[in-house]
Amino acid sequence: MCHETDAQPPRPPGAGTAAQATDIHLTSADGTVFMGRKADPARARHAGGRRAAVVVLPDMRGLHGFYKAFASRLAETGLAAIAIDYYGRVLPDGPREGTPEEMFPLVMGLQAEQVAADVRAASDLLRAEGADAVFTLGFCVGGSHSWNQSAFDQSLAGCIGFYGRPDDCRPYVDRMSVPMLLLGAGADFMSSPEDFHAFDAELGAAGVEHTAVLYDGLPHAFFDSSADDHRQECDDAWHRVLHFIDEHTAQRQAVGA
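Using the UniProt record's numbering, you'd call the opening residue of the sequence shown number 1 and step up by one each time.
Just so you know, the hints here were simulated from the structure itself, not pulled from any lab data.
Since we're looking at a predicted model, the values are computed, not measured.
It is possible that part of the hints are untrue.
Said to hold, decoys possible - As a list, the in silico EDC-like pairs of lysine to aspartate or glutamate whose alpha-carbon atoms are at most 16 angstroms apart:
1. Lys68 x Asp235
2. Lys68 x Glu97
3. Lys68 x Asp40
Could you put the whole structure together from the sequences, leaning on the hints where they help?
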């Protein structure tokens, strides 16, 4: 499991207020209807005259409280955000609070192409509502799936992941073309520092534009407001995320490009 049930995302630097956050439903390309949480900023974030938005990919539990709250945190920075659920094909609507034993079989059954289609449904809505540059941002399993969107959807402006697993992404490296931000934990029980650095090198060899940052000694799921010992690193991660979004939003040449 990634973030604990009662975990809360750290507050972003210079945060404002979110205009509203609402539960929504989205429809994927195969007709699957799945849950989402949409957060709208009181004032949109722009870079280079363009407006950015984010699709949030949760950990293995899907759309639970941490990720609903994280969508609102993004909206506090001026970014429209939609956090998605993975399990519309296999579970009814409802709280996602399963134990690791309950969720492992479900997460192992996730198909990369289906996740990409669900991401596309969310990004299409964000574009329809005015976003010029859409990013993915995920955690743990969602971090891996976010990185993989670099191979699946070239209309995205960037793909950001916290503590993803390189092994989940290696089959897609030769197709990756969208800029990536990799944020790793040096004491991650799911991925060693050596594997993180190896993946960084593999992306470089493949010519994939990316930035890789490993926070030495930090555990998996360090990005948590209750982790006082990691506050500086959480602030740094926020700054890197927002800088990456601003930089690549400004580079967009047209809506949907």
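Structure-based check of each hint:
Our distance criterion of 16 angstroms between C-alpha atoms is broken by Lys68 and Asp235, whose separation comes to about 20 angstroms. Between Lys68 and Glu97, the direct Cα distance comes to roughly 13 angstroms. Compliance with the 16 angstroms bound is thereby established for this hinted pair. Distance check on the hinted pair: Lys68 and Asp40 sit about 12 angstroms apart at the alpha-carbon level, within 16 angstroms; holds.
Hint compliance for this structure: hint 1 is the single one not met.
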